[in-house]
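Chains as they are written, first to last, in this note's numbering: chain C, 107 to 350; chain Z, 107 to 350.
Hints may contain errors.
As the list makes no split between identical chains, a pair holds if one copy fits it or if it spans any two.
Listed below are the simulated DSSO-like cross-link pairs for lysine-lysine, each with C-alpha atoms no more than 30 angstroms apart in a straight line [to be verified]:
hint, residue 1, residue 2
1, Lys122, Lys197
2, Lys344, Lys292
3, Lys292, Lys168
4, Lys248, Lys318
5, Lys330, Lys344
6, Lys330, Lys348
7, Lys348, Lys248
8, Lys344, Lys122
9, Lys318, Lys168
10, Lys344, Lys168
11, Lys292, Lys348
12, Lys248, Lys292
13, Lys292, Lys254
14, Lys344, Lys254
15, Lys318, Lys197
16, Lys197, Lys330
17, Lys160, Lys292
18, Lys125, Lys348
19, Lys197, Lys292
20, Lys168, Lys125
21, Lys122, Lys348
If you're looking for bench data, these hints aren't it; they were derived computationally from the structure.
Protein chains: 2
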Amino acid sequence: MNETIAKLMQHRSIRKFTKDPITQEQLDAILSAAQQASTSSNMQAYSIIGITDKVLRSELAKLAGNQAYIEESPVFLVWCADLYRWEQAAKRHYGEVIPSTTENFIIGTVDTALAAQNAAVAAESLGLGIVYIGGIRNQPDKVSELLKLPQHVYPVFGMCIGVPDQSPLERPRLPRQAVYFENTYKQDAIDSAIDAYDETLSAYMTARSNGKASATWSQSMAGKAGPVRIHMRSFLEKQGFKLE
Amino acid sequence: MNETIAKLMQHRSIRKFTKDPITQEQLDAILSAAQQASTSSNMQAYSIIGITDKVLRSELAKLAGNQAYIEESPVFLVWCADLYRWEQAAKRHYGEVIPSTTENFIIGTVDTALAAQNAAVAAESLGLGIVYIGGIRNQPDKVSELLKLPQHVYPVFGMCIGVPDQSPLERPRLPRQAVYFENTYKQDAIDSAIDAYDETLSAYMTARSNGKASATWSQSMAGKAGPVRIHMRSFLEKQGFKLE
């Protein structure tokens with residue numbers, strides 16, 4: 107195993123940071139790595155908003171669920187799927203109305219995630235820690251207004267970056283046979299893998315919480331089964347994504 | 107700059123591979139790295155189908171645009187957003203109907219991309235080359251049928267992995283000021299950045315094609331502006347994604 111893979115295997119989300127700043131050189135390296143990620147047909151359909159204004163940061167932290175680390179991390183980035191810039195380029199040579207499609211929505215969302223994950227890997231290679239903030243989609247209309255996002259740009263997730271001030275346990279993942287299949291999907295493999303993972307994760311939760319919690323995976327997943335962030339569809343329509 | 111960031115900065119898509127195989131150990135490391143990526147609330151909402159059957163590979167290559175490297179690369183993975191497995195777990199403890207939301211569609215698509223990019227980084231750290239295959243969405247209904255994907259699973263992209271048999275130029279990216287903004291999106295910065303990038307990319311295309319092509323970025327982007335893969339919405343509905 108090489109150093110890069112060793113680092114990838116050590117990933118844990120970090121939710122507590124020291125007061126040490128991130129240098130401009132570190133941030134530049136992280137952003138350069140992000141930009142070098144694969145992108146669909148070179149569309150580069152994402153933008154990154156770095157939040158340096160303290161008042162703005164505090165407002166975003168409230169909108170995203172009020173977690174202290176969003177307000178306190180030295181760097182907080184909002185990763186946006188961005189079809190606007192691509193449209194500005196395309197319409198220089200394309201005379202008709204550019205349709206807003208589900209396909210382009212997928213391209214923007216995927217391009218954003220690929221770039222962000224390169225940033226995460228680069229940050230961790232520098233000894234920094236990161237956590238993704240899905241909570242940026244709790245009130246995406248207000249976030250978009252604060253960040254002055256144009257039509258056809260939407261905030262996919264946030265990311266805190268900083269020097270770790272905690273060392274959480276690595277969370278075990280699903281057994282390989284529930285995630286990787288040869289040639290065809292194996293529905294038969296799922297149930298026993300869930301059984302096994304329920305046990306693994308319950309033991310992990312017990313260890314992590316010093317015995318205070320012991321939820322299985324399926325119990326935790328049931329907690330996410332209700333209608334969560336059901337505003338996303340109407341928000342996206344308001345933001346100009348027609349998903350044709 | 108450390109070794110990991112140096113590797114990230116050297117990324118180029120590879121579309122020609124030697125006949126050298128990928129070892130089981132290499133594939134295991136790549137899949138382990140993928141599984142260790144961040145995932146929304148530990149949903150791990152993705153699955154990976156490795157295509158080892160030659161007939162199946164050939165059929166998929168035809169469906170995805172008939173590029174030789176899809177048929178010839180030693181490893182070809184189809185990365186799928188997967189809410190099915192999560193639902194199987196959740197419904198063990200959740201008695202009501204689980205809604206199919208745009209939010210969960212985003213989670214599945216993002217989780218898939220984060221895992222895949224970790225796989226790409228791991229592969230490149232081993233000296234291998236990769237290319238993402240968006241063409242897997244050309245005929246996603248047929249792909250889903252061949253791979254026996256259950257409802258609420260869809261193929262997001264493919265990925266070829268192998269030993270590079272070419273050394274393409276690194277493609278320059280958009281200027282930083284068109285992609286990264288402080289605090290608010292800067293629409294004013296876009297036009298001049300497109301001007302500058304049009305020149306950069308035209309020079310790159312000329313060098314790469316030995317003078318046979320010189321398209322600017324905006325010219326290339328206009329080529330993507332028409333209705334592309336407009337079947338995605340109805341395909342996703344057929345696949346059970348209601349996007350409520």
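Results of checking the hints against the structure:
For a Cα distance limit of 30 angstroms, the shortest separation of Lys122 from Lys197 qualifies neither inside one copy, at 45 angstroms, nor across copies, at 33 angstroms. Taking CA atoms no more than 30 angstroms apart as the test, Lys344 paired with Lys292 passes between copies only; the shortest distance there is 20 angstroms, against 39 angstroms inside one copy. In the homo-oligomer, the alpha carbons of Lys292 and Lys168 lie at most 30 angstroms apart only across protomers (24 angstroms), although the nearest pairing inside one protomer, at 42 angstroms, exceeds that limit. With identical chains, the CA atoms of Lys248 and Lys318 are never at most 30 angstroms apart, being 36 angstroms at best within one copy and 48 angstroms at best between copies.
In this assembly of identical chains, the alpha carbons of Lys330 and Lys344 lie at most 30 angstroms apart whether taken from the same copy (25 angstroms) or from different copies (24 angstroms). Taking the shortest Cα distances, Lys330 and Lys348 sit within 30 angstroms of each other both inside one copy (26 angstroms) and across copies (17 angstroms). In this assembly of identical chains, Lys348 and Lys248 lie within 30 angstroms of each other by CA distance both inside one copy and across copies; the values are 20 angstroms within and 25 angstroms between. Taking the shortest Cα distances, Lys344 and Lys122 never come within 30 angstroms of each other, neither inside one copy (35 angstroms) nor across copies (43 angstroms).
In the homo-oligomer, the alpha carbons of Lys318 and Lys168 lie at most 30 angstroms apart inside one protomer (28 angstroms), although the nearest pairing across protomers, at 54 angstroms, exceeds that limit. Taking the closest pair of Cα atoms, Lys344 and Lys168 come within 30 angstroms of each other only inside a single copy of the chain (22 angstroms); across copies the shortest separation is 38 angstroms, beyond that limit. In this assembly of identical chains, the alpha carbons of Lys292 and Lys348 lie at most 30 angstroms apart only when taken from different copies (23 angstroms versus 34 angstroms within one copy). Taking the shortest Cα distances, Lys248 and Lys292 sit within 30 angstroms of each other only across copies (17 angstroms), while inside one copy they are farther apart (42 angstroms).
In the homo-oligomer, the alpha carbons of Lys292 and Lys254 lie at most 30 angstroms apart only across protomers (8 angstroms), although the nearest pairing inside one protomer, at 45 angstroms, exceeds that limit. Within a single copy, Lys344 and Lys254 get their C-alpha atoms as close as 14 angstroms, which meets the 30 angstroms cut-off; across copies the closest is 36 angstroms, which misses it. In this assembly of identical chains, Lys318 and Lys197 lie within 30 angstroms of each other by CA distance solely across copies; the values are 24 angstroms between and 58 angstroms within a copy. With identical chains, the CA atoms of Lys197 and Lys330 are at most 30 angstroms apart between copies only, with a shortest distance of 11 angstroms across copies and 41 angstroms within one.
Taking the shortest Cα distances, Lys160 and Lys292 sit within 30 angstroms of each other only across copies (19 angstroms), while inside one copy they are farther apart (49 angstroms). Proximity of Lys125 and Lys348 under a CA criterion of 30 angstroms is satisfied in neither setting, with 43 angstroms inside one chain copy and 44 angstroms between copies. Taking identical chains as interchangeable, the C-alpha atoms of Lys197 and Lys292 lie at most 30 angstroms apart only when they sit on different chains, with a minimum of 19 angstroms there against 45 angstroms within one chain. Only within a single protomer do Lys168 and Lys125 lie at most 30 angstroms apart by alpha-carbon distance; the minimum there is 20 angstroms, versus 54 angstroms between protomers.
Neither within a single protomer nor between protomers do Lys122 and Lys348 lie at most 30 angstroms apart by alpha-carbon distance, with minima of 39 angstroms and 37 angstroms respectively.
Consistency with the previously given hints fails for numbers 1, 4, 8, 18, 21, ordered from lowest to highest.
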